[in-house]
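Q: These are the residues of each chain, in order.
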Amino acid sequence: MSEEKFSIGIDLGTTNCALSFVRPDSEKPAEITTEVMRIPQLAAPGAVEDLLLLPSFLYLAHADEFAVSDLALPWNAGMSFVTGELARVRGVTTPIRLVSSAKSWLCHSGVDRRSAILPPEAPAEIGQVSPLQASIFYLEHMRDAWNYYHPDDPLQNQEVVLTVPASFDPAARELTAEAARAAGFENLVLLEEPQAAFYNWIQSSGTGWRKQVKTGEIILVVDVGGGTTDLSLIAVTERDGAVELRRIAVGDHILLGGDNMDLALAHLLKDKLAGKGTLDPWQLQALTHGCRVAKEALLLNSDIAAFPVVVPNRGSRLIGKTLRTELTREETEQTLINGFFPYVDVTSTPTIRARSALTKIGLPYAQDPAITRHLAAFLTRQVDAADDLAGFGKGGGGGFVRPSAVLFNGGVFKAHSLAARVLDTLNTWLLEAGSPKARFLEGVDLDMAVSKGAAYYGYVRRGCGVRIRGGAAKSFYVGIESAMPAVPGVDPPVQALCVAPFGMEEGTDAALPPQTFGLVVGEPVRFRFFGSSVRRTDPVGATLESWAPEALEELENIEATLPADNRNPGDIVPVRLRARLTEVGTLTLEALPVSGSEHWAVEFDVRGN
Amino acid sequence: MNNDPSFWERLSLAFKLFFKILSDAAFAAQMKRPMTFESVPKSDPSVRPAVFKEALPDAAVQLLGLLQQEGRFIDFLEEDVTDASDADIGAAARVVHQGCRKSVRDHFKIVPIRTEAEGSRITLQEGFDASSLRLTGNVVGKPPYTGSLIHRGWRVGEVTLPKVAPGHDVRVLASAEVEL
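Protein sequence lines correspond, in order, to chains A and B. In terms of my numbering, the first sequence has 191 at position 191, counting the first letter as 1, and numbering is strictly consecutive. In terms of my numbering, the second sequence has 158 at position 158, counting the first letter as 1, and numbering is strictly consecutive.
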């Protein structure tokens, strides 16, 4: 077994996973090379292929669906479920057995993330799995694939950096870490995806990145994945004469990504084909795939006016049964550029439709498809994100924080015109605010940047390269209900007590707030819990009587149960709450009795409301 | 072992040829040429038989399966195109072209043997690889040869076929589908 450890970066994506690594013998940051490990997986029954991506799909096969040998993997001859490419393909024709978007479910606070709820509409006889369990399966698949190729360097002995959306709340981060622990990842660190993309850019520039950015700049990272859009701001600051990077703001969790765009085009073409017969789900999938190919061709090559899209028939007859249509440049631009990236004012906010009372349990997809509108709202909300940094002017002019460079990530931006549109829109806003135009930072590997950047980060965090200072992306508050006489129809007013300050660093404890809570021995006690991405200066112990509705976002409740050891059940024990941001990157809360040295973990309640 | 025909075989052959020449003027004319001009090249006694490899059917069948899965290759070949309209064939051909191209590119790294433009003049030095470069036309003289590149040629670099699970039947190119 090697003494030195590999640094492994894992992108556990909504629709695809990827694994990259840095070998232990790399030395200088400029010479580090990240390699992508192809992941063996079933591509067809009985056929294992090494593919760059592991599609994040789980197929719960029926006992009569496959011959026993057809599900074998090189490391396990007796698999009973399928992950990866074959799962994705099979799920198209049998969606009732397909688990998809487990990651989005993992951060959906409306459901119990530990209970078997996926696939959501599976018939009773199908043994459902929990969002947590599905994530464990994907991580185990990657672990086994790694161990298959590196039998002398098993994954549990290596350093693993697992990426999460910057917008993941503490409970979703904790669940991700829990999944990783369950899969046997021992040396684990979480990293936000936009930061991972940024590290990939740093690496790809060699040592040149220092020349491309200067102190006082704010860089916007726009990361559009298959299923989510993730926004972050990174400031270039100076400390002790050295350049320092700080992630100063993250956006909301937006369930909107490249898959939505392909689907929008597919629905457009479906309508064009309407006269020629109805499409079954398999054909719609083929159409979506055709649209992706056509979209990329049209957006990459401005000479093409239209690109043919063909949809075969499921039966063996192709000739005369294949539907042909085409996607034109105008349709693509109309649907994508104007639909997802319209020119909007910086003051605009995403449209929110009132949800009907009787909604099925489903994912909270973004209701406004305009990514530029989400961006406008983000920059406006973060107007003073850099105010407390030395060397940065007040962000106030124009009413939004003004980035001077943009880093794009995600396969969507292989179409340059989409990145150009985002930059254009941003520059319009900047121009109106009297600021110089923002630049486009090039060099990110749009498909693999997250896993590669994660592997690179795992290596440089040993102390041989620049790091982005991140820390807690929000400040966190515990809700305290005021004692007041009950009034029908009026909720008792809630005060918010700050327990973790904004930007709190990994591996540190927050100060102990002076306020105490009474916990009832032997009974679970729940507190409301809030996060704020805009209140940057609240110290631990600060108590808010009231706040702007958008300043604090309610998160999962937290729950503490005091064991009845040495105490009488029913007694009330005064405790204080202490927050800690672990080395891994998760937030934990502890209850400490005012007298005594005990402490108990306070858990996030991920059972849904 | 001596493979020359025996006396009786030769006698039988002589009679057959005798009557064939008598009854078939064209055949007689053919026979006349070799007899009047050069003799048949003599066989070299040092000749050894080449040992041919049997192509492994599994890999070939697996490739057919891949082309079918992605590109509906077998579906297309098994159809009768005689009466189909060119527009219909064209639409189907796009399915096959897109899919088979993806499948072939995913599993084979195919590179041209010569990167020069077809039609350009190229010169081959002595010791060139005769299996990857075929000389045609006025093939005389000694290298270096100069000629025009008619076809750039293709070579497979890396081949990455899926690994087949033990017990898996690769002969199923596409399962029959039954929707419940």
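Rather than coming from a laboratory, the hints here were simulated on the basis of the structure. Note that beta-carbon positions come from the ideal geometry of N, C-alpha and C, so glycine has one too. Hints should not be assumed to be uniformly reliable.
Here are a few chain B residues that sit away from chain A, every Cβ distance over 12 Å (derived from the structure) [stated by the list, open to error]: (1) S23; (2) R48; (3) Q68; (4) D75; (5) A91; (6) A92; (7) V111; (8) P112; (9) G119; (10) R134; (11) L135; (12) T146; (13) L149; (14) G167.
Here are a few chain B residues that sit away from chain A, every Cβ distance over 12 Å (derived from the structure) [stated by the list, open to error]: (15) E9; (16) K16; (17) F18; (18) Q62; (19) E70; (20) R72; (21) R94; (22) K102; (23) Y145; (24) K163; (25) P166.
For lysine-lysine, the following DSSO-like pairs were computed, each having C-alpha atoms within a straight-line distance of at most 27 Å [stated by the list, open to error]: (26) B/K53 x B/K163; (27) A/K211 x A/K414; (28) A/K270 x A/K414; (29) A/K276 x A/K211; (30) B/K109 x A/K414; (31) A/K272 x A/K214; (32) A/K437 x A/K211; (33) B/K109 x A/K321; (34) B/K53 x B/K109; (35) A/K270 x A/K321; (36) B/K109 x A/K270; (37) B/K53 x A/K414.
Q: Does each hint hold? Answer for all of them.
A: Do the hints match the structure? See the list:
1. S23: Nearest chain A Cβ is 50 Å from B/S23, so the label holds.
2. R48: At about 40 Å from chain A, B/R48 clears the 12 Å cut-off, so the statement holds.
3. Q68: Its Cβ does come within 12 Å of chain A, the nearest being 10 Å, so this is violated.
4. D75: violated (5 Å)
5. A91: Violated, because the least Cβ-Cβ distance between B/A91 and chain A comes to about 4 Å, which does not exceed 12 Å.
6. A92: violated (4 Å)
7. V111: holds (20 Å)
8. P112: holds (22 Å)
9. G119: The claim holds: B/G119 sits with its nearest Cβ about 24 Å from chain A, beyond 12 Å.
10. R134: About 34 Å separates B/R134 from the closest Cβ of chain A, which puts it past 12 Å; holds.
11. L135: Holds, because the least Cβ-Cβ distance between B/L135 and chain A comes to about 39 Å, which exceeds 12 Å.
12. T146: About 37 Å separates B/T146 from the closest Cβ of chain A, which puts it past 12 Å; holds.
13. L149: Holds, because the least Cβ-Cβ distance between B/L149 and chain A comes to about 28 Å, which exceeds 12 Å.
14. G167: violated (3 Å)
15. E9: Holds, because the least Cβ-Cβ distance between B/E9 and chain A comes to about 52 Å, which exceeds 12 Å.
16. K16: holds (50 Å)
17. F18: holds (56 Å)
18. Q62: The assertion about B/Q62 is violated, with a minimum of 8 Å to chain A.
19. E70: violated (10 Å)
20. R72: Per Cβ check, B/R72 is inside 12 Å of chain A; nearest 6 Å; violated.
21. R94: Check fails; 4 Å does not lie beyond 12 Å.
22. K102: Non-interface label on B/K102 violated, nearest chain A Cβ at 9 Å vs cutoff 12 Å.
23. Y145: Holds: least Cβ distance 39 Å, greater than 12 Å.
24. K163: violated (4 Å)
25. P166: Violated, since 6 Å does not exceed 12 Å.
26. B/K53 x B/K163: With a Cα-Cα distance of about 22 Å, the restraint between B/K53 and B/K163 holds, given a limit of 27 Å.
27. A/K211 x A/K414: holds (25 Å)
28. A/K270 x A/K414: Holds. A/K270 to A/K414 sits at ~25 Å (cutoff 27 Å).
29. A/K276 x A/K211: Between A/K276 and A/K211 the Cα gap is close to 57 Å, so the pair fails against 27 Å, i.e. violated.
30. B/K109 x A/K414: OK: B/K109 and A/K414 at ~23 Å, within 27 Å.
31. A/K272 x A/K214: violated (50 Å)
32. A/K437 x A/K211: OK: A/K437 and A/K211 at ~18 Å, within 27 Å.
33. B/K109 x A/K321: It is violated: about 32 Å lies between the C-alpha atoms, which goes past 27 Å.
34. B/K53 x B/K109: Roughly 23 Å between the alpha carbons, so the hint for B/K53 and B/K109 holds.
35. A/K270 x A/K321: holds (16 Å)
36. B/K109 x A/K270: Violated. B/K109 to A/K270 sits at ~35 Å, over the 27 Å cutoff.
37. B/K53 x A/K414: violated (46 Å)
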